[in-house]
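> Quick mapping for you: the protein sequence lines, in order, are chains A, B, C and D.
Throughout, the working numbering is defined as the position within the first sequence, counted from one, plus 792.
Throughout, the working numbering is defined as the position within the second sequence, counted from one, plus 792.
Throughout, the working numbering is defined as the position within the third sequence, counted from one, plus 792.
Throughout, the working numbering is defined as the position within the fourth sequence, counted from one, plus 792.
It is worth saying that the hints were derived from the structure and are not from the lab.
Please note that the accuracy of each hint is not assured.
[Said to hold, decoys possible] If you want the footprint, here are the derived chain A segments under chain C, 3+ residues with CB under 8 Å:
1) 850 to 860
2) 974 to 982
3) 988 to 997
[To be verified] Computed, partial: chain B to chain D, Cβ under 7 Å:
4) Ser800
5) Gly991
6) Asn999
7) Met1003
8) Ile1007
9) Leu1014
10) Ile1021
11) Gly1022
12) Asn1023
13) Asn1026
[Unchecked claim] Pairwise CB distance ranges (calculated):
14) A:Lys856 <-> D:Asn1040: 34 to 44 Å
15) C:Leu944 <-> D:Asp833: 47 to 57 Å
16) A:Leu795 <-> B:Leu899: 34 to 44 Å
17) B:Leu951 <-> D:Phe883: 26 to 36 Å
18) C:Leu944 <-> D:Phe1008: 52 to 62 Å
These numbers come from a predicted model, not from an experiment.
We put the CB at the ideal spot given by N, CA and C, even for glycine.
Protein chains: 4
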Amino acid sequence: MVLLVAYSAWVYPFEVAFLSSYPKKPLYIADSLVDLFFATDIVLTFFVAYIDHTTHLLVRDSKKIAMRYLSTWFLMDVASTIPFEAFYYLFTGKAKITLSCYLLGMLRFWRLRRVKQFFTRLEKDIRFSYFWVRCARLISVTLLLVHCAGCLYYLLAELYPHQGKTWIGSLIPNYRETSLWIRYISALYWSITTMTTVGYGDLHAVNTMEMIFIIFYMLFNLGLTAYLIGNMTNLVVEGTRRTMEFRNSI
Amino acid sequence: MVLLVAYSAWVYPFEVAFLSSYPKKPLYIADSLVDLFFATDIVLTFFVAYIDHTTHLLVRDSKKIAMRYLSTWFLMDVASTIPFEAFYYLFTGKAKITLSCYLLGMLRFWRLRRVKQFFTRLEKDIRFSYFWVRCARLISVTLLLVHCAGCLYYLLAELYPHQGKTWIGSLIPNYRETSLWIRYISALYWSITTMTTVGYGDLHAVNTMEMIFIIFYMLFNLGLTAYLIGNMTNLVVEGTRRTMEFRNSI
Amino acid sequence: MVLLVAYSAWVYPFEVAFLSSYPKKPLYIADSLVDLFFATDIVLTFFVAYIDHTTHLLVRDSKKIAMRYLSTWFLMDVASTIPFEAFYYLFTGKAKITLSCYLLGMLRFWRLRRVKQFFTRLEKDIRFSYFWVRCARLISVTLLLVHCAGCLYYLLAELYPHQGKTWIGSLIPNYRETSLWIRYISALYWSITTMTTVGYGDLHAVNTMEMIFIIFYMLFNLGLTAYLIGNMTNLVVEGTRRTMEFRNSI
Amino acid sequence: MVLLVAYSAWVYPFEVAFLSSYPKKPLYIADSLVDLFFATDIVLTFFVAYIDHTTHLLVRDSKKIAMRYLSTWFLMDVASTIPFEAFYYLFTGKAKITLSCYLLGMLRFWRLRRVKQFFTRLEKDIRFSYFWVRCARLISVTLLLVHCAGCLYYLLAELYPHQGKTWIGSLIPNYRETSLWIRYISALYWSITTMTTVGYGDLHAVNTMEMIFIIFYMLFNLGLTAYLIGNMTNLVVEGTRRTMEFRNSI
Ligand SMILES: [K+]
Ligand SMILES: [K+]
């Protein structure tokens, strides 16, 4: 389940940025399967009992279950499952996807709520080391953001009218002919170089659109880095507490 | 109120750096309106009752109110509201603004005291999440500083006698003919690239004046970054305390 | 003992990366001596009494000692001591070392377990300052990682078929003819420039393989830097506690 | 007193790096005066009463004072005051200063012990804000290190036999003819760019000597940055404690 969500969150930005001009049969089938899985999950939720927060009793009444789900996350869950692209194709007969379609597709990130819930439950589970669960959570968030930023940055270059005046075009003049792999790694490389504040400068903003994107990305990273360091400090303090207490007790 | 202060603190460095050679009718009228608003505010303060810190009683006596205000912030409030530029124009008849005028205009930053008070009050308000109030405060400070640094850095290039030997001139030879938007985004891009310590190096100091400016800016940033991380650590420790206590209690 | 482990962990990546095409007599003899020493250490462990964790008694029974050692680290200790390279040479008669040999050689890093134990014991020892022991530990870890990353990065350039399209080849065209010292310092310089997130950009990734390596290295560094800062914060809090308590007590 | 120490610590690296080939009359006289002042201070220490740590009584006995001083810091104080350069000049008659002279001159940094004592006393003084005293201390340390690193880095370029293959020579070919001011600012600019991990890359290592110097400088900075952030976190936690307690008490 969590893996499917991760797949869906990882593959969507990639598709939008890199595959918009490709015939993408195999990935499209995989996507449809994942969407189908989430649709089944929505249906199943109507039949799964839940524990009431106030009475601490298991509620089996299907009406109450339905009422609870419909009044909370049902709408968002459905919205994030509808294959808007397929509908668009059916109604208009055109394969070209528009901006509104992209925005509706971003509803899929709603599914990440489940991953968040999963990690929160794991953190409270005494069987797992808090240190490693927290680390895994932070690494997942970082990797997802790096991936999204890389895809978006590539999309900016793809959409820019003048090929040569883009970050990748100024380095590899005919980059649209190079393999998908090289382009993806370059975008990811830039993304991580900026995220970790190394900033080699071999891939930097060339036009104003890219500058604006980087400004927001860097501001966001400043917060993320501070958050990561804050978490690590917290974990280190917890981790060395036992040794400190042992020393102070002597 | 807070928004007006933010506007006034944001627009002033921008005007000085980018608009010094433009006819700036619309912005000038907006500025005058804001100044008028603050003047009204000063007058109003004389009629607003306050709570005495020692007796915890509401003081309505207008004399006492006036005495208290005059002895505390009145002078600075007035100084930050006087439109020195208009006076200068009236007395000398010249539209060109001198350095002393700029320095007097910097008194407007005094108004930021109100934003600080606003945030301090919000932090103590139990209805708002401490985490988000603190984050908003830190982000505001960061954004304002980034904006000011960008404007100052552009001003340095503008004032330098030799156009080609400036940070922007070495990249865009005829930068003074490009649009205001490109120049502002470039300055902001440099400012954030340096602030977040990414430092791509595509826009770097060229002459000695810029080097000196960057030296001070970076030293200042070192402190600011440490302060941001310190705050974030504090917030993370607070945020995860409940989960930690839950784990330790088992 | 600890020094020998450090030597062995330091020299192995260096050998693999820089000396694969050299006749390396003197280092080979030193390596064999160190391996011999560790083999002796394994034998000695069978005759050294240990303190039982549950009864707190010294166990002198050689059978019990052997049982305990065989069931815990014996296998790994032996595996990390076997000179696979020599065996390979004996069986095949070829001096060229293959990838599988390199991977088996990496078992030597298992010896670092002892250094970890050594530092953990030191941290609990009240005679030494916790601050300096912890600093020494963190510095050792950092230096070892910087060294390994530098060697690996050089190895990537060495293995790449097209000499000119490597990080070092794009700077020094005929780098394979330059002295070992210059190449090692260059690799180390790149490694530390990236680790500390300075990122001058004079030595950056050129081909896709290097980009992938840097992506992982930077992600890893992000965690390491956060860990270092977390530890430092912890130490500073401990260090200034006495002064703080003195101030608060007044 | 503290100011004189600061002057002496600031001026010494500057002299060694930048003025070794200049006739330096005025600075030499100032140095001599400062040295004279410290010599007087040593003599005075023999007549200043001290408080005994065990009995908490003021000791006025001049014999005891002398004994205490002679057995503690007297030797180092004297060593850091002797004008080795002048002696060298007297004995050999040559104005050229050798490496051993430089090393002996470094004893002047011993005087910084007094500044450390001064700040430690200030931190314990309840009349001053702990936050600002600590900040001032950290800023002083940072500035001194940045200055020393800049001077050393310039010295490396100065001593390198091939002018063009130095960090400054690859940017300004005939740098030895440019003004002292430009060279000093360039060195300081590089030093702070590296220290704050911005690393624009416009001034980077060119030869192996510089690489080695930067490797050590960056490793040292990693520790310093972590230390600064650790201190800041500590201060922020202290600073926001009152607000947090107020919120938790409601
Ligand atoms: K950087
Ligand atoms: K950089």
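> Would you mind marking each hint as holding or not holding in the structure?
Here is how each hint holds up against the structure:
no.: 1; hint: 850 to 860; result: violated (count 0)
no.: 2; hint: 974 to 982; result: holds (count 5)
no.: 3; hint: 988 to 997; result: holds (count 7)
no.: 4; hint: Ser800; result: 27 Å, violated
no.: 5; hint: Gly991; result: 4 Å, holds
no.: 6; hint: Asn999; result: 9 Å, violated
no.: 7; hint: Met1003; result: 4 Å, holds
no.: 8; hint: Ile1007; result: 5 Å, holds
no.: 9; hint: Leu1014; result: 5 Å, holds
no.: 10; hint: Ile1021; result: 5 Å, holds
no.: 11; hint: Gly1022; result: 4 Å, holds
no.: 12; hint: Asn1023; result: 5 Å, holds
no.: 13; hint: Asn1026; result: 5 Å, holds
no.: 14; hint: A:Lys856 <-> D:Asn1040: 34 to 44 Å; result: 37 Å, holds
no.: 15; hint: C:Leu944 <-> D:Asp833: 47 to 57 Å; result: 55 Å, holds
no.: 16; hint: A:Leu795 <-> B:Leu899: 34 to 44 Å; result: 59 Å, violated
no.: 17; hint: B:Leu951 <-> D:Phe883: 26 to 36 Å; result: 54 Å, violated
no.: 18; hint: C:Leu944 <-> D:Phe1008: 52 to 62 Å; result: 22 Å, violated
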